[in-house]
Structure formats: structure tokens, C-alpha cells
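Student: These protein sequences, in sequence, are chains A and B.
Okay, so the first sequence: first residue is 1 according to the working numbering, each after it adds one.
Okay, so the second sequence: first residue is 1001 according to the working numbering, each after it adds one.
Warning: the hint list may mix true and false statements.
Partial pick of chain B residues on the chain A-facing surface, computed with a CB cut under 10 Å [unchecked claim]: (1) R1039; (2) N1046; (3) K1093; (4) I1094; (5) E1154; (6) R1157.
FYI, nobody ran anything at the bench for these hints, they're computed from the structure.
Every value quoted in this text rests on a predicted model; they were computed, and no experiment measured them.
Backbone N, C-alpha and C fix where the C-beta goes; we use that ideal spot for every residue, glycine too.
Listed below are the residues making up each chain.
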Amino acid sequence: MTYQTQFADPNDMLSSETVIPIYQNLCLDRMRSEYRSQFARRKRQLESCRLALMALTTADEISATPQPNLAATTTALKFLEAIAKYDSAPDRVVINLDGGLTFYFFFSRRTAFVQFLNDNTNVVAAYAKNDQPDIQEFAPTEIDGAVAFLERQRG
Amino acid sequence: MVRSLFSKDSVAETVPLNSTNRAPIAAFGADELLYRRVRGDDVRNNEVLPTAFEWPAPSVLRSSFAEPHHALHANCCDGKQLPAGEWGVAEMKIANLPTPFQSGNSKTFHFFISHKPTALCYSHCELLCRSQEDPADAEKVRPSTALRALYMIELARRSAVRITPAPIAVV
């Protein structure tokens, strides 16, 4: 009988030739699923940031906060694109009281922030309650260095 | 409930001192507190974030002549009525001001407070910072962007939330 022939030897079902491809496919499916999930989350975060940036560029009547200018928002958007490669996105986007934008990243041990000022200067910094803050200025063309600084704080 | 003080029914109880017939008082007590209004964006887990401050001269109220909630009163906000609950108040003890402090290039900086009453807000002050080498009238010279960040971090680390603003929608 066909049935008996196919499953006559149960060891055939457990051979590496049989199991490994199934296991690989399961792993691949799982990875694809996780990637899709992470990608969707990252996309949502980045979209939120972009929307926040757009909202923040409207003048704040109450605090008389200066509107972030084109230089600040342009560099901020480039920074968002750069950190997207690391599956990262800001935890908070805040308008600076003295002009420009700040991205906050709340890591487990330190708070980090990146500021894009209206005078076209930028700074990335990290601090905790009682330690010496680390601070680094960067030009709009040095975004990769700022991203590397940020990634070092993550650990 | 502090926020209830800002309802229309109770504004009369919370009007800050005006400056009529009152001159600025240059001396500050070390135990005196400074009150600063902060946005919901500038508070996280009851800690004040650096963006609560700006360069060069963040406004504060001195506790000798103000209650914390006066920092949210229209008379101390250029006549603007703040949306209820969206803003909070941070406080900082004068003795805890980070002064002097060292910048990355070994320069020494000093914080100091200047009592600058406005017509309707007698307790209004400005928190200033200048390099030790700078002349006294140079406090508003723009520092490097890195030093500005350090200044804001140092102020934030020494501040505490007195009136908690409404939680914000985190991006």
C-alpha cells in the first residue's frame, strides 16, 4: 500500500534531509514575520516623527517660540533617515524655545538628545542624573558621526 | 488640586504681585526657590528635560514674592492665558544652581539671577550665565552650541517638577 510504503520507516521522517528544510522554512517565516512587524513599527514611528516635525513648524502663539526654520528641519529629516538604518526613531520630538528642534532618545541608563538649531548648528548629547554629560557638535554634513555617537549611548 | 486654582472662578485668588510701588531687590537668599513654567513635552517620569530652558535668559519667578502656580498665570505669561493642565511648573533652589561650572574647554562659567519685575509680575527674574573672563555686561553673548547644551542639561538636572503638566502623546 502506498501509505505503508511512504511511512514504513519512521526514521526517514526524522532524517536531517527532511527536518532541516522544514526548520529553515519555519525560521524564515518567523524572521519575515518579525521583520514585517519591526518594519511596520519603525515606519509608524518615523511617520509620527515626520508629522510631528510638520506640526512643530507652525508657530507657537502661547510661548512665542520661534518657528523651526528650513535649515533645522532639513537636517532633522536627514537625521531621521540616517537612524532608520539602525531601526531607530526618536522617543520624543520637541520644539526648542530658542529656535529649532530636539529629538529625545530615552535609553535605559541615559537620556540622549539631538538638537537642530535655527542657526544651522547641531549638537548631540547624552547625560544621566549624576554623570559628566557627553556633548558633540556636528555639521549638517556630519550626520553619520552624530548617529554613531547616539548608537554608543544605547548600550 | 493646584490646577483648579486656574479656573475662571478662582483667578482672583491667584493674581501675582504687581510692581506698583515696588522696586527690584537684587539680593537673593540661598534657600529661595525659582519657579519656571514648563511644557508637557519638557517633563518625563517627573524629571525636567533640558528643552525646558533656553539661551540666553530663561524667565523664572522668585519664591519670595510668588507661589509656584503664578508661573502659569497670565500676568506672568505676557498676558497670555495658558491652556489648563498643559503646562506645569519646575522649581530650583538657588543654592543648587550649577555655578561655577566648567565647560569642555576648561572655561569657567557662572550662573546668576537678575530680578527684573514686569508691570504685572513683580517676582519675574532672568537666569543668566556668563564666562568668568567676560565683562559683566556680556551675559547675553551666544556661547557655542555645545556649551549651550551643557547649560541646559545642568539646569534641567537641578530642577524638580512642582506642578505636573498633563502627559503628552509620545511620538
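Student: Look at each hint and say if it fits the structure.
Tutor: Consistency of the hints with the structure:
1. R1039: Status holds, d = 7 Å.
2. N1046: 12 Å, violated
3. K1093: 16 Å, violated
4. I1094: 20 Å, violated
5. E1154: With Cβ-Cβ at 8 Å, under 10 Å, it holds.
6. R1157: With a closest approach of 6 Å, the R1157 (chain B) hint holds.
Against the hints set out earlier in the document, violations occur for numbers 2, 3, 4.
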